[in-house]
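> Heads up: the sequence lines are chains S and F, in that order. Just so we're aligned, residue 17 is where the first sequence starts under my numbering, counting upward by one. Just so we're aligned, residue 11 is where the second sequence starts under my numbering, counting upward by one.
Honestly, I wouldn't trust all of these hints.
Within a straight-line C-alpha distance of at most 30 Å, the following computed DSBU-like cross-link-like pairs (lysine-lysine) qualify [unchecked claim]:
#	chain 1	residue 1	chain 2	residue 2
1	F	Lys428	F	Lys32
2	F	Lys428	F	Lys409
3	S	Lys220	F	Lys337
4	F	Lys301	F	Lys428
5	S	Lys220	F	Lys409
6	F	Lys301	F	Lys337
7	F	Lys134	F	Lys186
8	S	Lys220	F	Lys428
So the derived label-pair ranges between C-beta atoms look like this [said to hold, decoys possible]:
#	chain 1	residue 1	chain 2	residue 2	range
9	F	Ser328	S	Asp142	23 to 33 Å
10	S	Trp91	F	Ser388	45 to 55 Å
11	S	Leu251	F	Ser388	50 to 60 Å
12	S	Val58	F	Ser328	53 to 63 Å
13	S	Asp142	F	Glu215	48 to 58 Å
14	S	Val160	F	Gln391	28 to 38 Å
15	S	Val58	F	Arg386	30 to 40 Å
16	S	Arg219	F	Gly403	21 to 31 Å
17	S	Val151	F	Ile476	57 to 67 Å
18	F	Gly86	S	Pro46	32 to 42 Å
19	F	Gly165	S	Asp142	26 to 36 Å
20	F	Pro116	S	Arg299	30 to 40 Å
Calculated directly from the structure, the hints in this document are not laboratory data. Using N, Cα and C, we set each Cβ at its ideal position, and we do this for glycine too.
Chain by chain, the residues run as shown.
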Amino acid sequence: MSESTSERIVVDPEVSEDRAGVLGVVRGLPLPVLLSASLLVVVVLWTLVPGLFTSFDPLTGNHVDKFQPPSWEHWFGTDHLGRDVLTRVVHGTSQTVLTAGIAVAVGLVIGSVIGILAGVSGPVVDAVGMRISDVLLALPGFLVSIWIVTAYGAGRLSVGIGVGIGSIAIFARVFRAEVLRVRALDYVEAAFLSGASRWAVIRKHILPNAVGAVVALAVIDLSAAILAIAALGYLGYSAPPPTPEWGLLVAEGRNYIATAWWLTTLPGIVILLVIIALGVVSRRLLAANRI
Amino acid sequence: MSEPLLDIEDLVVTYGAGDTAKVALDHVSLRLEKGQFTAVVGESGSGKTTLANVVVGLLPESAHTHATTAVLDGHGILGLSERQWSGLRGSTVGLVPQDPGASLNPVRTIGAQLAEVFELRNLKLSRSEVRRRSIELLEQVEIDNPERRLRQYPGELSGGMRQRVLIAIAFGLNPKLLVADEPTSALDVTVQSQVLRVLDRLVAEHGTTVLFVTHDIGVATDHASRIVVMRDGRVVEQGDVESVVTEPRSEYTRTLIGRIREVTPPAPLPTRTDSDEVVRVSAITKEFRVKGRIVHRAVDGVDLSVRRGETVALVGESGSGKSTTAKMIIGLTTPTGGTVEVLGRNVARLGHRERRHHWREVQFVYQNPDSALDPRWSIRQILDEPLRSFGIGDAALRKQRIEQALGSVNLPAGSLDKYAAELSGGQRQRVAIARALVVRPEIVILDEPLSALDVVTQDQIIALLIDLQRNLDLTYLFISHDLAVVRQISHRVAVLRSGRLVEFGDTQRVFDEPSSEYTRNLIDSVPGQRFRSSLLVGA
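So that you can see chain S by itself, here it is in the shape it has in the complex:
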């Protein structure tokens, strides 16, 4: 029997993209995604090697140079102690971004475990898991983080856990919904009929097809966590003053906003841009996963 013309091969653009190598992928991306991705790369570098980007000291400044407006030497100007603001933003990245990373990890790991168990088990485990997530959803997240930071100190770990608890329920819900969606598809049933064990079907079919939405959610959640940590820092629930932290920078600048606008504005813009970039990239990830 010959294949007629109606059986032409449909090449999925997504799949061919995977094969074309990194350069091909980069060339195919729209400009906003490219800009956002490069900004995120810069942020990662700030976190890992802040020393490469500035030669100033983030903690001590020169009194003579205080309240300098932005210039070629000090791109973001200087603060009330004469410290370079850009340097403090760059060095503050690790504090903010790593803490946000811990927060997302807490939400992702615990939420995924609850969500997967609820999705693949019977109705009893499902009900228990979902009631736990209901309880977590009912707690006001920001208050919980303030409570944990007050009780356990403003270390990176306690801030991270405090912020992360708020997102456990969302991760659990999304993962459960995705698992239930995939579980109802014919290929999962076909795998059972092909003799695969329950665990093999979960591991090889359900999880890989359900995880896409969760990864995209993690990226969105990272931006929410950065915002929450900056907000905590602004209110003073973070590392004590000389340590640079994005929220703290904005808070410190608040006292001088009438005379030195750059102290709050420029770190604020950095926070804003990073969050927008995370949003753009996560939306692209969602689209690539066809969700």
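Given chain S, put chain F in place with the hints provided.
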């Protein structure tokens, strides 16, 4: 020749722009004379719906149109504004949409939606007059108890009735041209024939010109006076219905027409001893608890048997319990009552280990190949999974078995490293069949394996299934609602209706002299009756 109502010449429609632009219609010309019933026939992707959307002005904004002429009742129809279109729609052109479920507003009563018709015509009628005319409209489309229907919501009506309400709305505005886009493809055949009978009568009474879009050549030849066959955005051929049916000029049309030609079913297998019965279903019932205490009986006392090497078709309309029966035979659902015996084993009593053994012998092919294959797995992995899970052979033997299975469904070896998304619908269904065959089962249950495919691909898969059965001595349980296909492939037919078995016998006998009224009705509702006799003479 009279002035045409619709005249389109050299119409080109493209979606998108630049490199990703897709040509949906490629130099299509169409003329509709007043009072003609024209059917546009084509498979999905042929551009038939795009053509209908051009005529009613419902193209999405991403579409670019170009034509030398495009005139509807004296108005140019390209580049009209939304306001100009609303002047035309209703009075000049009306639409009967495809999906009756989604096309009525679920939170307004039927009466309120019919009343809009008179508002649109600016008739300024009194409330009782609107009510009287609404009832008249419902009577026209043969809806019983119209006074009560006016107070009901769309969700309380059946699909066929909703479609008739939509037809009533379209005719309430009395358009000169009625565009019907697959108006019955969501309905069962018996309901479809009732709805189309109503449509035919109204068209004759009002003298309406009709542009009827369908994928089913049988429906087209039964009702239309002119036929336009489309494929890949081009008109393959057009002409009056007799000449298209009796002397199709293109190979493609000939394949389509082949569908309504009467075929002789395969002769029943010589009756052998009882031990040849590989599937024995006796008095099975399946009940589902709907709300609280209400119990819905999906399958009600069905007896069936399938002999080795034969094809038994399980036929019925949606909700007849045919899929539930299949799921009970393969052991994914346990029957509430009765027993299912496959190859001498009671399926409901299988332990874990025996159940896996059962699945080596009974395999399943799904309706929709898109969801039956894991999108993240290559074809090789998909075919390898059953072999690995059942622990069949070593790596070398498995490789050989995979290649054999792929060859038996006529797919090139090169497809092994592809992903499902890179294959066409027909190729995907072949992979699904190969996956079922790779463990060398004795029985294959096919759940509507053709309904997601176009006619040409359907013919290829049918030929493949018949071939495989002959070479591998397979037994098929073939679930379908399409009687034309059933007649081609099955030795015996079982007809189900709301969970009960109404008929079970040799295919030829069931089609020629059905013993129940319901089966007779089902067979008579199959589209394509009008030219069946003349085709027999020609064949």
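> Taking the numbered hints from earlier one at a time, note which ones the structure violates and give those numbers from smallest to largest.
The structure breaks hints 4 and 14; every other hint is satisfied.
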